[in-house]
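The lines below spell out each chain.
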Amino acid sequence: MKKLSLTAAILATTAMATPSFADGHLRIVDEPLELTIQMNHARYPIYEEDWPVEQVARELTGIHLKNDTVGANMRTDENTGRTEALNLMLAGGAIPDIVGSSRIRDFVNQYGPEGAFIPLNDLIAEHAPNIAAYYATRPDIEAAVKASDGQMYYIPYLPDGKYGRAYWIRTDWLDALGLEMPETVDEYEAVLRAFKTQDPNGNGLDDEVPFFARQWPELIRLVTLWDGRAHGSDTYHDFLVEDGKIGHGYLGEGYRDGIANLARWYSDGLIDAEIFTRGSSARDFLLSENLGGSTHDWFASTSGYNRLSSEIDGFEFKAFAPPASPSGRRIEEHRRILVKPDGWAIGHTNEHVVETIKYFDFWFTEEGRRLANFGVEGQHYDMVDGKPIFKQEFLDAGPVNRSLYQVGSQLQGRGYFQDYNYEIQWSNEFALEGIALYDEGDYLIPDFLGVAFTADEQKVYDRTWGTIRDFMLERQQSWILGSGDVMADWDGYIAQLDSMGMQELLEVMQSAYDRQYGG
Amino acid sequence: MVDRNTGIGGTPVEEVVVEASEALRDRAKSYTPDSSWARTVDHFKREWQLYVMLAPTIIWFLVFLYKPMYGLQIAFKDYSIFRGVANSPWVGLEHFQVLFSNDQFIRAVWNTIKISALNLIFGFPAPIILALMFNEILHATFKKTAQTIVYLPHFISSVIIAGIVITAFAPTGGIVNIILGWFGVDSIYFLTRPEWFRPIFVGTGIWQEAGFGSIVFLAAIAGVNPSLYESAVVDGANRWQMMWKITIPSILPTILIMLIIRIGNIMEVSFELVILLYQPATYETADVVNTWIYRQGLQSGQYDLAAAAGLFNALVAFVLVMTANTLSRRYSQTSLW
Amino acid sequence: MAGVNLSGITKRYGAVQVVHGIDLDVDEKEFVVLVGPSGCGKSTTLRMIAGLEEISEGDLEIDGRRMNRVAPKDRDVAMVFQNYALYPHLNVADNMAFGLRIRRMPKDEIATTIAETAAILGLTDYLERRPADLSGGQRQRVAMGRAIVRHPKVFLFDEPLSNLDAKLRTQMRAEIKRLHNRLGVTSVYVTHDQVEAMTLADRIVVMNDGRIEQVGTPMELFNNPANTFVAGFLGSPPMNQMKARLTETGAQVGGSEIQLGRPMNGHAGRDVIIGIRPEHVTLQPGDQTTALPISLDLVEPLGSEALLHARFGESEVVFKAETHGNIAHLQGVTEVHVPAPLVKVFDAETGLALSLER
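Chains as they are written, first to last, in our numbering: chain A, 1 to 519; chain B, 1001 to 1337; chain C, 2001 to 2358.
Worth flagging that the hints you see were computed from the coordinates, not collected in a lab. A hint or two may mislead.
Among chain B residues calculated to face chain C with C-beta under 8 Å, some are [claimed, not checked]: (1) N1225; (2) E1230; (3) S1231; (4) V1234; (5) D1235; (6) Q1241; (7) M1243.
A few chain B positions that, by computed beta-carbon distances, are all more than 10 Å from chain A [claimed, not checked]: (8) S1035; (9) W1037; (10) E1047; (11) P1068; (12) I1129; (13) G1223; (14) L1273; (15) Y1283; (16) F1312.
A few chain A positions that, by computed beta-carbon distances, are all more than 12 Å from chain B [unchecked claim]: (17) D106; (18) W216; (19) G328.
For every residue, glycine included, the Cβ atom is placed at its ideal position computed from N, Cα and C.
Excised from the complex, chain A in its bound form (with noise of 0.2 Å):
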């Protein structure tokens, strides 16, 4: 239903809209030029001629962009759904003018220096002055996207916003037991344990689940808070970088401290029992049953759960800063990565590449980016104080990211930067205290944005990274699970993993992040 009335809103506005901007400063070529695009995503299936955004794009460029989406599934699977489709185009033969899709770098970076994609450092350099001016400001960015021969072979999305999850805690409960916020891994602990044995919930059952996650390896992520490390990027059990160096968290004798701690928290029953099992409805389940004591988790959708307050008295969960390790570090570990291994690319045989980069280069124009973030002008926002600001009628009807999806903006098979006013506007004001916490205590850390490796390397590590990782998270469950203990079992983990290939694994990564980032 609300799908339907949005389409009638705008169907009702699209006679207002007049393009005040349409003085032709945008317009790429004189008659109407059509390319065909390939764009999949989980949430929009195929590239949609009428999406108002395109319509106003079309306008002002000339350039009409004609669906030709092969494969087109809506499986949300990170690891088959996404690049799925991309294959069977691939294997169909017939590549066209413009690849849009999520999990696209990989991809290009490997059928790109084959001849599929064209590369487009030179086109950047003579026809797309937005985009390689948002390279000059961003070094780091342009050597994450290109492939191992140096070539930039797609036009990234660029999420804005620095903050991803946090951790989350039940006020409301902290104020029943008479406790504060937990400052120190320590006091954390006697939380949890608060938690966990003076029935916060007052129901008179031992039914408290203090620590729980909607994703297991956030349990993981935890170490951190014994100065180990977990996750190197926003990609489970990733490498990770620091000061120019690649390692991996769980070779560090804070991950083995930290496992340690969490396999006697988890045998104390201060961590859901069923962590590994519980899968994505863990936080709805818990939170709404009133079980659910503390989490690490996204702002924008933990923070709504506050609406709970209307069924359960007192309902407050809340962000709270990292707490302090031991050695008195607070460091949140996640954040929004600032470069997407999503966008789009140029296919081998457009004949109109010039065109396709200035189209491109469009969308990071100060009006391109507008419209790849808020909507039509008129229809989905207005123009206040020189601000977009949504219309009221458009944040009301249902989730915004949904609606901006219905209406062509914000997808991330579309390469452009992301603008995070689009997001505050309406992220709950939980969201906003959290986000302003973090703010004030600048507990973030610097990302690993990935390498592209030669054919050379990526033998290397498609030979040792599967095996290395398989085995890693084996041991890892089985230790926080009470079967083996970690600080006796450590060395010999450390020489199987050697034994494996993890010191040519780095040595490879390390040289392919030379390369990309070092030079």
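Position chains B and C against the provided structure of chain A, taking the given hints into account.
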């Protein structure tokens, strides 16, 4: 049982054969084509309906079985989707070397075989036993209801099945642990315990498929001549004796054929269910070839490696099915081919 | 006394009654054949004796014991099935031994019994074969062997020869008869073939529509059928039956009058059916014969005899005549001669035989 000597309409078989061969001879006489080409054209003119009926099967085989075989060569190539099967360079047995130098792959092979063996030992007899039990239910409505109930899990998607299993075996509030609690057993986090994975997985498979699998055996039982049972009743056999001496021997050929087919699928552990149920903590017993391929090969686009592992799977299955078929033919005169 | 006594045996399937109260006493060592068209209830009756069907009403006694509620295995009967019911996965010896093993007879005894029975049936060379490797006749013998080895009080045969071709059937018929003479076991035999019934039975029970029409020795039934049904069922070809009206001297059929050679005792004017057996007529007039004018349709030579298909008035009739090695003389036949004493008279309405006595 129809008398062998009474072929069509009470005419002895020999007569029918003689008549047919005479008819053929007559036809051969009346058609005397001057060349083999003419004879072929003539043959197609006469029998084209047969070929039309045959065509869908042949096309199906060509398109879905023989043509994909062409792609098997990527197991020996450094395959790139963009370059295509033909243009990717040969690398010989490199992928196989990668596979067999990987301890996790070897472990996955053994896990596959162990899970399949358990499946065979416990999962294969289950539908037969179920079918025999259904056969003993005399009350028609009760029988229908019971059958429907045990068929149902087959139609539930693996994702839901996995959800049910995870919930049932959950350490807090899972039905299994609640029941164990009544007997004073401490709650067990089953799905993270390597030693429990195989029993749970095989048990789930039986629960899901035994009912549906019993259909083929029920059909075989329905085909047993009822007078065999009547004769046995008069001879004094009880129901137990009838089951052992009549029902089971009568459906033995069906059982053997199903067994051979099953052995042919021994490397095909239903891997969606494994993926949904396993954890890194249970890789030790749960990781099978297909899940390993999925993690190592398909996740990182290594189709060539996946093809090599798949080829190895097929080879093992082929050897097993050949062996089973030969043994079955030798000892029970029943075989697939 | 291993006899079988049925009194008031009834079979009902829900509201449908298929056997309507059968009374029958089978004496020890007697060979009784139940015969009748399909659906007459003869097989159901046999299966009730075997215990394969429940008896809805009435009493069944075997050897003087009431058997209604006794399990089949405790009735001490053996049954031979129409399709032999041989176990395809067992060889001949094991098939025959099946019942004995179930009864836990010692192994050596089983072996002896099987050997003896196989010798009687001529199966000694086939003991290791499976049913699929036997001919129809051999399978039939195995089926009988399986019944014989049990030494039951009663043999029950359910159309055992109907799956065999004509030649084998004749041969096996004789074998069954010989076997019975030799073993002397009470037997109840069901068939729809009146030739089998005539040749095998000590007594025949003709059944129709769930009821017994007549019980008697083959010759009694042949010579004195109790009604038109029995008359029409037994004999090959069956008795010619014609509507007629009795006069003081005989029976008026179509335009002719057939002499009956007996006093009418006041039955004159009654509507009857008269029956003439095909083999009772002659081509030459004889003692007490009436000439029957016929128009000949067809002559079917059978060898020493021939069948004359003809029309008499409204009726189709069939007669038998000697050929003496030639059928030429039969082509021109225009009349046959009916001997008065052999003409049967039945009531037109009830179909029951009339003695014409007071």
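S1035 of chain B: least C-beta distance to chain A exceeds 10 Å? holds (44 Å)
Take the shortest C-beta to C-beta distance between E1230 of chain B and chain C; is it under 8 Å? holds (5 Å)
Holds or violated: V1234 of chain B as interface residue toward chain C, Cβ cutoff 8 Å? holds (5 Å)
Decide, holds or violated, for the assertion that all CB atoms of chain B are farther than 12 Å from the CB of D106 of chain A. violated (8 Å)
Can the hint on D1235 of chain B be confirmed by a CB-to-CB distance to chain C that is less than 8 Å? holds (3 Å)
Confirm or reject: F1312 of chain B is not an interface residue toward chain A, with every Cβ-Cβ distance exceeding 10 Å. F1312 of chain B is indeed farther than 10 Å from all Cβ atoms of chain A, at 17 Å.
Run the C-beta distances from L1273 of chain B to all of chain A and say if the shortest one exceeds 10 Å. holds (14 Å)
Less than 8 Å between beta-carbons is the criterion; does S1231 of chain B satisfy it with respect to chain C? OK, holds: S1231 of chain B within 8 Å of chain C, min 4 Å.
Just checking, W216 of chain A versus chain B, shortest CB gap more than 12 Å? Given that some Cβ of chain B is not farther than 12 Å from that of W216 of chain A, nearest at about 8 Å, it is violated.
Holds or violated: is there a CB of chain C closer than 8 Å to the CB of N1225 of chain B? holds (7 Å)
Once the shortest beta carbon distance from Q1241 of chain B to chain C is found, is it less than 8 Å? The hint holds - Q1241 of chain B has a Cβ within 8 Å of chain C, the shortest such distance being about 6 Å.
Would you assess whether E1047 of chain B, listed as outside the interface, keeps its beta-carbon beyond 10 Å of every beta-carbon in chain A? holds (39 Å)
Violated hints, listed in ascending order, are 7, 15, 17, 18; each of the other numbered hints is respected by the structure.
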